[in-house]
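**Q** Residue-level listing of the chains:
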Amino acid sequence: GESVGLHLPTLSVQEGDNSIINCAYSNSASDYFIWYKQESGKGPQFIIDIRSNMDKRQGQRVTVLLNKTVKHLSLQIAATQPGDSAVYFCAERGSGNTGKLIFGQGTTLQVKP
Amino acid sequence: NAGVMQNPRHLVRRRGQEARLRCSPMKGHSHVYWYRQLPEEGLKFMVYLQKENIIDESGMPKERFSAEFPKEGPSILRIQQVVRGDSAAYFCASSPPLGTGNTIYFGEGSWLTVV
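Taken in sequence, the protein lines are chains B and W.
Positions 0 to 112 (the numbering used here) are the ones given, in order, by the first sequence.
Positions 53 to 167 (the numbering used here) are the ones given, in order, by the second sequence.
Just so you know, the hints here were simulated from the structure itself, not pulled from any lab data.
A few of these clues could be false.
Stated by the list, open to error - Examples of chain B residues toward chain W, derived with CB under 8 Å:
(1) E38
(2) S39
(3) K41
(4) P43
(5) F45
(6) K70
(7) A77
(8) P81
(9) F88
(10) L100
(11) F102
(12) G103
(13) G105
Source: prediction; values computed, not measured.
Backbone N, C-alpha and C fix where the C-beta goes; we use that ideal spot for every residue, glycine too.
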């Protein structure tokens, strides 16, 4: 069945370092991927997305890489700040405009001052 | 998160009571989704609705749960005869009509506690 998983439950980085959060997905037909950030007691906040016809997309301090060959997605955060501390989820959407997102379990990012 | 409004933010119900969660999508969005999140877990899809239509309810429990998105007013997720296992955060999301890459935005959630 469909599943999206994150490789590490917790990632601890030093303030100012770069962070890389990884995600593996299983549905090769998925055509759209999103990274969300969720702080405690809040809803998922959109960070960046990427379509399956791309392999890289950059935003402000964030980059998403998509490797369809191995069905792997990563989120890179440059110069990580304390405000980046949160749980990060990757999500995939199947093809066919279903609208349904499949979420991974989440990676907790801890930023040490 | 801007624009997707959920209420109540926190709801406490006794076992056997009914819970109603409301969601107003972002302005201009005609598609609404409901997700459930248990503690320490990711979000699980429940249902996808357009105005007056249920498009995909593959994630909805077979009993006690229902959802609607009427022509006028917010979307409602209704849980009848709640049990302790229904305690979770329920998130609503919305999007414009789907094309490739249409972002889905989430609300801040409704936290249901069943006592």
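**Q** All hints are to be evaluated individually against the structure, with a verdict given for each.
**A** Here is what the structure says about each hint:
no., hint, in the structure
1, E38, "violated, 10 Å"
2, S39, "violated, 11 Å"
3, K41, "holds, 6 Å"
4, P43, "holds, 5 Å"
5, F45, "holds, 6 Å"
6, K70, "violated, 17 Å"
7, A77, "violated, 22 Å"
8, P81, "violated, 20 Å"
9, F88, "holds, 6 Å"
10, L100, "holds, 6 Å"
11, F102, "holds, 4 Å"
12, G103, "holds, 6 Å"
13, G105, "holds, 5 Å"
Checked against the numbered hints given earlier, this structure breaks hints 1, 2, 6, 7, 8; the rest are met.
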